[in-house]
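2 protein chains.
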Amino acid sequence: MTFQKLAVIGCGLMGGSFALGLKQAGLVKFIAGFSASEKTRQRAQQLQVIDMACDNVAQAVQGADLVLLAVPVSATRQSLEAIVPAMSANVLLMDVGSTKCDVVAAARETLGERLSCFVPAHPIAGKEVAGIDHAEGDLYKNRRTILTPLPETGATQMGQAQAVWQALGSTVFTMTPEAHDATFAAVSHLPHLLAFAAVNGLMAQTEGADFLRMAGPGFRDFSRIAGSDPAVWRDILSANQTEVLSQITHFKKALAQLEDTLKNQDTQALQSLIAQASQVRSAWKLQATDASNLASDA
Amino acid sequence: MTFQKLAVIGCGLMGGSFALGLKQAGLVKFIAGFSASEKTRQRAQQLQVIDMACDNVAQAVQGADLVLLAVPVSATRQSLEAIVPAMSANVLLMDVGSTKCDVVAAARETLGERLSCFVPAHPIAGKEVAGIDHAEGDLYKNRRTILTPLPETGATQMGQAQAVWQALGSTVFTMTPEAHDATFAAVSHLPHLLAFAAVNGLMAQTEGADFLRMAGPGFRDFSRIAGSDPAVWRDILSANQTEVLSQITHFKKALAQLEDTLKNQDTQALQSLIAQASQVRSAWKLQATDASNLASDA
Chain A
141 MTFQKLAVIG CGLMGGSFAL GLKQAGLVKF IAGFSASEKT RQRAQQLQVI DMACDNVAQA
201 VQGADLVLLA VPVSATRQSL EAIVPAMSAN VLLMDVGSTK CDVVAAARET LGERLSCFVP
261 AHPIAGKEVA GIDHAEGDLY KNRRTILTPL PETGATQMGQ AQAVWQALGS TVFTMTPEAH
321 DATFAAVSHL PHLLAFAAVN GLMAQTEGAD FLRMAGPGFR DFSRIAGSDP AVWRDILSAN
381 QTEVLSQITH FKKALAQLED TLKNQDTQAL QSLIAQASQV RSAWKLQATD ASNLASDA
Chain B
141 MTFQKLAVIG CGLMGGSFAL GLKQAGLVKF IAGFSASEKT RQRAQQLQVI DMACDNVAQA
201 VQGADLVLLA VPVSATRQSL EAIVPAMSAN VLLMDVGSTK CDVVAAARET LGERLSCFVP
261 AHPIAGKEVA GIDHAEGDLY KNRRTILTPL PETGATQMGQ AQAVWQALGS TVFTMTPEAH
321 DATFAAVSHL PHLLAFAAVN GLMAQTEGAD FLRMAGPGFR DFSRIAGSDP AVWRDILSAN
381 QTEVLSQITH FKKALAQLED TLKNQDTQAL QSLIAQASQV RSAWKLQATD ASNLASDA
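Chain order of the listed sequences is A and B. Using the working numbering, the letters of the first sequence map in sequence onto residues 141 to 438. Using the working numbering, the letters of the second sequence map in sequence onto residues 141 to 438.
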């Protein structure tokens, strides 16, 4: 499997790392890149992440047999509209968005008969820092990538997509877009929202800054994801609104149980609620370390 | 400053590490230890953490000029009662509990005229694993230790307490017991409770285990403290009930704000709530790394 031309639409951390990874694996002959910002696309070329900086999407996509859409979620539909007229038949088209139902809906409305080319993808990878300067070919190594194919997705494209992410070092999982969004609402989107709320609840207090000064390693790890990018997380939470709201409801029930046992000084029930969480969390830790290298995350 | 005899009441991770640290610093000549479990105190002697294993508190405390109480919070009062008849005047007595108002109340009720000897202490240190086998002389190095003296606390004891924790490598802070408990309710006890609730809310769902299997590094860090010891956290949350309940109220307000903006699809307000948290968290990270070495935590 070698691609003649990769078109990267959105030359940021995710798109740039994808390009570098495929180049290093020797799987692509030529890489064209487009970014809305001229500075970004020229920087990508200067860093030799892409071979050619294009000043429009059509030019980048023309003749490409692999197209990666790596723009902010809010620019997905518009980018797909720009891509589709320039797309050849039998291209492999993928995105890297953190939510999938919204991307699939945009694809259904814009791609027409090219829908079969599209394999929605979510590589679970990232860095604290964004931008093309931080791109690296190993970003997807030892990570999970979720593919959420549609009934219309071509078998060839699906096979190629799996092979591409595996070549980048990812372990590939397949789910429906709905299962994907429910899963990540539970294990990623809700935790982010709770971390944002915890920091805001702290700082809403007069003594908040004094409290914060005494915070230790437990708080550091618990709140790390509260430092995430506001525009990115506005988009993710908004795109997955229904599932996130449903997870908030589940969380509030569990919080109310703990609060009630504490209010009622029912120490036995309190301990058993904590034990339940503690056992699950301790068991998970081992499982994840063994099975998927997640513990090696930076 | 050299102590003739240190009595460690409770030879676990905290007490054992205190003994080893003082021994390594050459600040103590002889160490007696008591633990309720015969096996534990003999293991402490075998590991040369203590010089003598005592089968009752009085024997350990007899003639000691430094007494460290390092038992589970629920055993504090009973231990103080056993210590006080054997205590000489001018001893330095400290504990290592994670909550302070409850310890102070127990001390007021049990110590009588020996109250002036007591300097309540909370070293912010620990490990994922408990027990004397994991004790190490460096446990308190580059950590914060909070002292919460009473109006009755002797100036000599207070000076010695500061010197002892500094000798172990801690940075020493002084607060009232009330300020301590409010602060740690906000930055430690609430985050633990939220992490417990998040795991329980996840597992209350039919698909919980499937969701959990896909959790990544964000969840790993966010939920790490959910793996904490149930009996320890039952005691901490119960001992600090009022402050923890107050922090839950602050948190719920902040969560409701985020939930409302999400429900109302007010993406601008959502982004600004996230930005608020993100800025605070990012700023804190730098501050803590610079100022206190907390980032070096295991």
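None of these hints come from the bench; they were simulated from the model. Each hint should be verified, as a subset may be incorrect.
[Claimed, not checked] Partial list, derived from the structure: chain A residues whose beta carbon lies under 7 angstroms from chain B:
#	residue
1	141
2	192
3	194
4	196
5	198
6	202
7	323
8	395
Note that the coordinates shown come from a computational prediction; the quantities given were computed from them, not determined experimentally. Ideal placement from N, C-alpha and C gives every residue a C-beta, glycine not left out.
Structure-inconsistent hints, enumerated in ascending order: Going through the list in order, the structure violates hints 1, 2, 3, 4, 5 and 6 and respects the others.
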